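Student: Work out the full structure: start from the sequences and follow the hints.
Protein chains in written order, with the numbering used here: chain P, 1 to 396; chain B, 1 to 150.
Derived by calculation from the structure, the hints in this document are not laboratory data. Bear in mind the structure is a predicted one, so any value in this text is a computation, not a measurement. We put the CB at the ideal spot given by N, CA and C, even for glycine. Take these hints with a grain of salt, some might be off.
Some residues of chain B that are not near chain P, with every Cβ distance over 12 angstroms (derived) [claimed, not checked]: (1) G16; (2) E49; (3) R59; (4) G131.
If you anchor each label on the Cβ, the simulated ranges turn out as follows [said to hold, decoys possible]: (5) F40/B with N122/P: 21 to 29 angstroms; (6) P115/P with P82/B: 53 to 61 angstroms; (7) G115/B with A196/P: 24 to 32 angstroms.
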Amino acid sequence: MSNDVAVAGVGMHPWGKWGKNFVEYGVHAARAALADSGIDWQDVGLVVGGETVRNGYGGYVAGATFAQALGWNGASVATSYAACATGAQAIDTARARILAGMCDVALVVGADTTPKGFLAPNAGERWDDPDWLRFRLLGMTNPAYFALYARRRMDLYGATQADFAQVKVKNARHGLNNPNARYRKLVSAEDVLASAIVSDPLHLLDICATSDGAAAVVLTSLDYARKRGLTNPVRVRAVSTVTPTFPNTVMDMPNLSTDSSAVAGVPERTFKESIAHAAYEEAGIGPEEVSLAEVYDLSTALELDWIEDLALCKRGEAETLLRAGDTTLGGRIPVNPSGGLACFGEAVPAQALAQVCEVTWQLRGQAVGRQVENAKVGITANQGLFGHGSSVLLSV
Amino acid sequence: MSQTATPAIEGWFTTGPAPALVGSRCTTCATVFFPRTGGFCRNPACSGEEFEGIELSRRGRIWSYTDAQYQPPPPYIPATDPYVPFALAAVELPEGLVVLGQVAGGYGVADLEVGAEAELVVETLYTDDTGDRTIWRWKPVIEMGQEADQ
Numbered sequence: 001m002s003n004d005v006a007v008a009g010v011g012m013h014p015w016g017k018w019g020k021n022f023v024e025y026g027v028h029a030a031r032a033a034l035a036d037s038g039i040d041w042q043d044v045g046l047v048v049g050g051e052t053v054r055n056g057y058g059g060y061v062a063g064a065t066f067a068q069a070l071g072w073n074g075a076s077v078a079t080s081y082a083a084c085a086t087g088a089q090a091i092d093t094a095r096a097r098i099l100a101g102m103c104d105v106a107l108v109v110g111a112d113t114t115p116k117g118f119l120a121p122n123a124g125e126r127w128d129d130p131d132w133l134r135f136r137l138l139g140m141t142n143p144a145y146f147a148l149y150a151r152r153r154m155d156l157y158g159a160t161q162a163d164f165a166q167v168k169v170k171n172a173r174h175g176l177n178n179p180n181a182r183y184r185k186l187v188s189a190e191d192v193l194a195s196a197i198v199s200d201p202l203h204l205l206d207i208c209a210t211s212d213g214a215a216a217v218v219l220t221s222l223d224y225a226r227k228r229g230l231t232n233p234v235r236v237r238a239v240s241t242v243t244p245t246f247p248n249t250v251m252d253m254p255n256l257s258t259d260s261s262a263v264a265g266v267p268e269r270t271f272k273e274s275i276a277h278a279a280y281e282e283a284g285i286g287p288e289e290v291s292l293a294e295v296y297d298l299s300t301a302l303e304l305d306w307i308e309d310l311a312l313c314k315r316g317e318a319e320t321l322l323r324a325g326d327t328t329l330g331g332r333i334p335v336n337p338s339g340g341l342a343c344f345g346e347a348v349p350a351q352a353l354a355q356v357c358e359v360t361w362q363l364r365g366q367a368v369g370r371q372v373e374n375a376k377v378g379i380t381a382n383q384g385l386f387g388h389g390s391s392v393l394l395s396v
Numbered sequence: 001m002s003q004t005a006t007p008a009i010e011g012w013f014t015t016g017p018a019p020a021l022v023g024s025r026c027t028t029c030a031t032v033f034f035p036r037t038g039g040f041c042r043n044p045a046c047s048g049e050e051f052e053g054i055e056l057s058r059r060g061r062i063w064s065y066t067d068a069q070y071q072p073p074p075p076y077i078p079a080t081d082p083y084v085p086f087a088l089a090a091v092e093l094p095e096g097l098v099v100l101g102q103v104a105g106g107y108g109v110a111d112l113e114v115g116a117e118a119e120l121v122v123e124t125l126y127t128d129d130t131g132d133r134t135i136w137r138w139k140p141v142i143e144m145g146q147e148a149d150q
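Tutor: Here you go:
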């Protein structure tokens, strides 16, 4: 039996700093996705919202919040929290309900409003919360973790700050014509290298901003899609939301330490490798078949890690791909044709959905100004706090 | 450090001339955890529920490193005004785990390298109305003969 579901519609609210409530962004994206699908809101049987735990607003009940704002239609509701993987987990919930025959049409929505500057934990003293302790005891910000990974690439594989800058140059060019991108401006390597160092070796322009934004996806059963005349829809082939395997030996946000491998031994795959591996396994599709990838470039250097985690090249070879232009539009395996987080900035509960929106447009041939030629298979990847990560594999 | 120096968090490290991090070792499977843990062993192959406290090795190898050029947001408490950047290191210990820490005062990223040795020290993190509050830090181990290069 196929585990596929159809992507009937996708939509976004442009990323930026708009000063509005997250509900307004989410409804905008939901209506855009519904319009794209041609399916009436009254026919939606399940609404899944991506929630955020940050910033102290009432985003805690996002599924119902969006359902009410769209006008109560009696649909079932669910809410997902999985940090950066929130949107993919929400898709997984919708997919499971559809595959179980419990609904035909599901609307998945994620939206966020984020503050300026460093993401920081909510107020209050929490001596048992690693996300609080890492700031109190170490002053360990998110970019500091990104910088640890970047430095390892330099010391182990010979990456340079100029390589990292080149990732930004590439992604800025990719996102130039993307109407949903926040930053649509060419950036030179000199611009990146002249920007302030935030956490050595990363410059300000190596690190993604935080943005307001929203994305939504309408999923249906393949039967329902067929009945509506959608004969060759983009299909979700796999959704991976695996947790790490003990011992998790990579220093992950927001932890102060890793697990010990002394007794259990080092696992076959790192957490990020296992996220992608599970997606490939479920889809029965290998990395050599991938036309494009949308990966979580929280930093420029992290995009290079992801290319290897997705097995698009061997460990330590991502810089070789980058330098050869392989990951650029027109290259062998374009990475982040949307412009990535470099052009969007991160809107946590919406970001994994935005990746799926982009892959859908690419596979439909609708990615105007950034189209990957002959795109057949696309994969997304992200990882965030507390052992959350995801990968969604789509194909036509 | 003043006479009133106390750890910024209780029970995570010892003080004195040879300070060390305090972890937990599962009495069933011998897996080591830091920070200390209790309840159920997190090794999925182990059903242990008892732990003993152990002092971790004071020296390890640098897994990676960086610094904080901008003042981190609260609940970080800056030690000085104006803010002075500090370095951070993740150090892999012989017990098979990597532990983050700030780098000892006076050392920056130029003094660090992946794979190089670092040793645990205890220094002041910030000062509050009870006096100095201390924290563990990683100090690069400079071998004899390398001093001249620094």
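Student: None of the hints should be skipped; say for each whether it holds.
Tutor: Hint by hint, here is what the structure shows:
No beta-carbon of chain P comes within 12 angstroms of the beta-carbon of G16/B; the shortest separation is about 20 angstroms. In this structure E49/B is separated from chain P by more than 12 angstroms, as the shortest Cβ-Cβ distance comes to about 16 angstroms. Taking the minimum C-beta to C-beta distance to chain P, about 16 angstroms, the non-interface status of R59/B holds against the 12 angstroms cut. Once the 12 angstroms rule is applied to beta carbons, G131/B is consistent with being away from chain P; the minimum gap is 17 angstroms.
In this structure the supplied range 21 to 29 angstroms holds for F40/B paired with N122/P, their Cβ-Cβ distance being about 28 angstroms. About 23 angstroms separates the C-beta atoms of P115/P and P82/B, a value inconsistent with the hinted range of 53 to 61 angstroms. Checked against the hint of 24 to 32 angstroms, the pair G115/B and A196/P passes, with Cβ atoms roughly 28 angstroms apart.
In this structure, only the earlier hint numbered 6 is contradicted, and the remaining ones agree with it.
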